[in-house]
Amino acid sequence: MKILVEPNKKDISCYVSNCDALLLGLKNFSVLNTVSFSLEEIKDIVNKYSDLEIFVKIDKNLFDNDLDLVKDILLQLDKLRIAGVFFYDLAILQFKQELSLKLSLVWSQTHMVTNMKTCDYYYDQGVSFALLSKEITLEEIVDISKKSKIKSIVEVVSLPSVGYSRRKLVHNYYEDLGEEEVSPVLSVLEKITNKKYLVKEEDFGTGFYLDEVLNGTGVIKSLYEAGVEYILFREEGVSDFLLLIEDSKKYINGGCLDTSFVEKYKKLGDSTGFFFKKTIYRVKK
Amino acid sequence: MKRIELLSPAGDIERLKVTLLYGADAVYIGGEKYGLRANATNFTLDEIKEGCSFAHKLGKKVYLTLNIVFHNEDMEGVYDYISAVVDAGIDAFIVSDPFIISYIKNNHPNVEVHLSTQNSTTNYKTVEFFQKQGVDRVVLAREVSLEEMREIYNKTKIDLEVFIHGAMCTCFSGRCALSNYVTNRDANRGGCAQVCRFTFGVEGKKDFTFATKDNNLAAYIGNLIEAGVTSLKVEGRMRSLYYLATVIGTYREIIDRYYDSTLNDDILKVLEERLARVSNREVSTHYLLGEASAKDQYYTGRNEASNQDYLGQVISYDKSNKLVKIYERNYFIVGDTVELFTPKGDRLSFMVKKLYDEDMNLIDVARHPDNIYYIYLDTEVEIEEYSMIRLLHH
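Sequences listed follow chains C and V, in order. Mapping to our numbering: the first sequence position 6 is 6, numbers consecutive. Start counting at 1 in the second sequence, then tack on 285, and there's your number in our numbering.
I should point out that these hints are in silico values taken from the structure, not numbers from a laboratory. On a predicted model such as this, the values are computed, not experimentally measured, just so you know. Some clues are possibly wrong.
Here are the in silico distance ranges between beta carbons for each label pair [what the hints assert, rightly or not]:
{"hint": "1", "chain 1": "C", "residue 1": "K196", "chain 2": "V", "residue 2": "R562", "range": "38 to 46 Å"}
{"hint": "2", "chain 1": "V", "residue 1": "R482", "chain 2": "C", "residue 2": "K196", "range": "15 to 23 Å"}
{"hint": "3", "chain 1": "V", "residue 1": "R562", "chain 2": "C", "residue 2": "T137", "range": "45 to 53 Å"}
{"hint": "4", "chain 1": "C", "residue 1": "L242", "chain 2": "V", "residue 2": "R482", "range": "36 to 44 Å"}
{"hint": "5", "chain 1": "C", "residue 1": "E40", "chain 2": "V", "residue 2": "S578", "range": "29 to 37 Å"}
{"hint": "6", "chain 1": "C", "residue 1": "K9", "chain 2": "V", "residue 2": "K442", "range": "41 to 49 Å"}
{"hint": "7", "chain 1": "V", "residue 1": "Y364", "chain 2": "C", "residue 2": "L242", "range": "47 to 55 Å"}
{"hint": "8", "chain 1": "C", "residue 1": "E246", "chain 2": "V", "residue 2": "Y364", "range": "46 to 54 Å"}
{"hint": "9", "chain 1": "C", "residue 1": "K196", "chain 2": "V", "residue 2": "L633", "range": "55 to 63 Å"}
{"hint": "10", "chain 1": "C", "residue 1": "S100", "chain 2": "V", "residue 2": "N391", "range": "21 to 29 Å"}
{"hint": "11", "chain 1": "V", "residue 1": "G489", "chain 2": "C", "residue 2": "E41", "range": "32 to 40 Å"}
{"hint": "12", "chain 1": "C", "residue 1": "T137", "chain 2": "V", "residue 2": "N391", "range": "25 to 33 Å"}
{"hint": "13", "chain 1": "V", "residue 1": "E432", "chain 2": "C", "residue 2": "E40", "range": "28 to 36 Å"}
{"hint": "14", "chain 1": "C", "residue 1": "I280", "chain 2": "V", "residue 2": "R482", "range": "15 to 23 Å"}
Heads up, simulated BS3-like pairs for lysine-lysine below, C-alpha to C-alpha not over 27 Å straight-line [to be verified]:
{"hint": "15", "chain 1": "C", "residue 1": "K277", "chain 2": "C", "residue 2": "K117"}
{"hint": "16", "chain 1": "C", "residue 1": "K147", "chain 2": "C", "residue 2": "K2"}
{"hint": "17", "chain 1": "V", "residue 1": "K491", "chain 2": "C", "residue 2": "K196"}
{"hint": "18", "chain 1": "V", "residue 1": "K580", "chain 2": "C", "residue 2": "K196"}
{"hint": "19", "chain 1": "V", "residue 1": "K417", "chain 2": "C", "residue 2": "K102"}
A virtual CB, placed ideally from N, CA and C, is assigned to each residue, including glycine.
Turn these sequences into a full structure, and let the hints guide you.
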């Protein structure tokens with residue numbers, strides 16, 4: 001099982017020795033990023049760090065006027081040593097099929113990657129990996145990872161993203177207040193659950209995040225045993241991040257037997273997302 | 286030229302019948318499983334059969350939502366369920382999961398598959414992908430503009446379905462799990478708690494809300510037809526009979542007048558006012574003409590009004606005694622000016638001069654919702670079952 005890191009800074013030299021792969025958002029075509037990289041910057045990184053696997057994130061909802069540029073980018077990426085492209089919009093898969101690209105794809109439709117049959121469907125369509133939804137249980141993740149033909153990727157540590165809108169929600173809020181926008185980020189409190197969320201406006205819309213670190217360090221062993229291909233650590237909002245991935249790497253290399261790792265990283269908090277919590281959808285009347 | 290389809294929601298068998306009688310060409314319904322309104326009434330298999338039979342006799346269609354994002358456990362029984370719904374006579378499934386799409390197309394090739402808006406389809410390349418999978422129609426994302434609709438149609442020639450009226454999501458459909466995190470209710474499996482309509486606190490500032498106003502494209506029906514759109518969809522499987530009768534009846538008139546070249550600005554204004562009377566939120570065109578803006582949302586609290594216009598549903602009309610029997614929904618009195626409208630589109634405005642209770646006692650006030658009342662009305666117009674009465678003014 002490999003460690004995949006989504007960095008929150010442009011200088012990626014600090015990650016090289018401690019992770020197997022980096023996930024880089026492509027400028028103008030990725031969302032829910034802290035930093036994004038131009039195609040030229042990605043080319044430089046690929047050339048400079050030959051031992052590092054590079055995944056590229058193209059997960060914006062694409063509109064017709066994006067398509068020509070996306071096609072051109074995919075053709076260029078196809079010539080590079082890229083480990084894969086995380087995609088949300090099915091136009092990317094259509095391009096791969098239409099242009100017979102060799103590029104590996106990662107099905108990354110955030111909250112929609114939730115079952116084995118559909119993972120297998122995408123595998124049959126030429127998709128190599130699936131970033132499983134954060135909103136399914138560990139049991140479901142293990143089941144999919146063991147039984148599906150697709151290679152699974154699981155997000156284990158992050159400030160979890162919980163929604164994405166095309167609207168400029170922070171800008172609109174300040175406009176309505178008649179105040180100058182002081183920051184593209186708002187910290188908001190959901191009053192019933194008393195939980196904080198971050199509302200971050202980007203170039204193409206607004207992302208929502210739970211302002212609480214998802215701590216999946218306790219499930220890494222189960223994911224390792226289930227044959228998960230990569231575990232994903234998103235750096236934004238996580239303190240002592242480099243030490244965390246260094247320790248995680250050692251933990252995995254040791255067969256996930258060192259129980260002190262799990263004890264140590266209880267400090268990340270007790271938010272385990274939906275690993276042990278099943279959502280409901282019918283409400284008793 | 287094929288006329289555009291008016292597609293209505295229907296939460297139960299009565300609403301299905303009413304909305305078809307008021308002019309919908311097709312309805313979309315939810316079954317007891319696999320739809321995105323898990324907490325609506327929804328249809329049993331027998332009701333689906335009854336609904337399909339009713340619609341087909343009128344030359345109309347019924348579509349079933351099968352558009353949850355499936356978990357492993359949801360796959361159990363889904364094949365049998367699909368077969369049973371096909372046997373019940375369904376015309377199309379509305380699906381978001383591509384595996385389910387491929388299953389239906391491989392096993393029930395005579396039934397149409399419509400790609401759900403849950404996929405947030407926003408470009409023609411994605412449409413091309415789903416065309417290859419056999420999808421017959423694409424329900425476009427609500428973020429797509431009129432010009433983009435036109436381009437997608439011109440490049441793919443696929444049937445396009447577009448939301449024209451009703452509630453909007455704040456986020457891209459399918460790309461939102463706010464409900465999961467805030468309430469543990471799974472948005473993509475039919476449990477959405479509409480968290481985007483909640484109020485959030487901001488330290489030292491006014492509360493943050495980001496609820497959207499409703500969608501209303503009544504003024505652009507001609508543009509949508511000319512852009513190549515196949516189906517105009519009204520949102521709201523949980524809406525009332527009165528709402529459906531008014532909204533569907535009004536859009537029926539707009540569409541028919543467009544084709545008959547009798548729609549002008551004055552008539553459109555009247556029809557838009559009629560739509561406004563059943564709406565409890567302000568409306569906007571959102572992304573149709575470009576980027577959505579601050580005016581499309583509620584930041585200063587929601588300006589929602591409870592609607593008391595709907596006075597009752599007509600059960601029958603006794604021509605000899607000139608009495609309309611109604612099932613009352615809201616208080617009204619003798620002297621009120623009301624409008625009776627029928628599924629065929631007739632409208633009668635009159636003052637309530639005589640009013641009787643169920644025992645035929647002459648009364649001045651109908652004050653008890655869910656009771657039977659009789660209103661005196663002398664007319665030659667045929668007043669059918671499911672006609673409705675609304676208040677014009679006290």
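Now the hints, each set against the structure:
1. C/K196 / V/R562: 38 to 46 Å: holds (41 Å)
2. V/R482 / C/K196: 15 to 23 Å: holds (19 Å)
3. V/R562 / C/T137: 45 to 53 Å: holds (47 Å)
4. C/L242 / V/R482: 36 to 44 Å: holds (41 Å)
5. C/E40 / V/S578: 29 to 37 Å: The hint (29 to 37 Å, Cβ to Cβ) holds, given that C/E40 and V/S578 are roughly 34 Å apart.
6. C/K9 / V/K442: 41 to 49 Å: holds (47 Å)
7. V/Y364 / C/L242: 47 to 55 Å: Cβ of V/Y364 to Cβ of C/L242: about 49 Å, so the range 47 to 55 Å holds.
8. C/E246 / V/Y364: 46 to 54 Å: holds (48 Å)
9. C/K196 / V/L633: 55 to 63 Å: holds (56 Å)
10. C/S100 / V/N391: 21 to 29 Å: Holds - the Cβ-Cβ distance for C/S100 and V/N391, about 25 Å, lies within 21 to 29 Å.
11. V/G489 / C/E41: 32 to 40 Å: About 38 Å separates the Cβ atoms of V/G489 and C/E41, which means 32 to 40 Å holds.
12. C/T137 / V/N391: 25 to 33 Å: Holds: the Cβ-Cβ distance is about 30 Å, inside 25 to 33 Å.
13. V/E432 / C/E40: 28 to 36 Å: holds (32 Å)
14. C/I280 / V/R482: 15 to 23 Å: holds (19 Å)
15. C/K277 / C/K117: holds (22 Å)
16. C/K147 / C/K2: Status holds; Cα separation ~19 Å.
17. V/K491 / C/K196: Satisfied, since the Cα-Cα distance of roughly 16 Å is no more than 27 Å.
18. V/K580 / C/K196: Cα-Cα ~26 Å, so holds.
19. V/K417 / C/K102: Answer holds: V/K417 to C/K102 is near 20 Å, not above 27 Å.
The structure agrees with every numbered hint stated previously.
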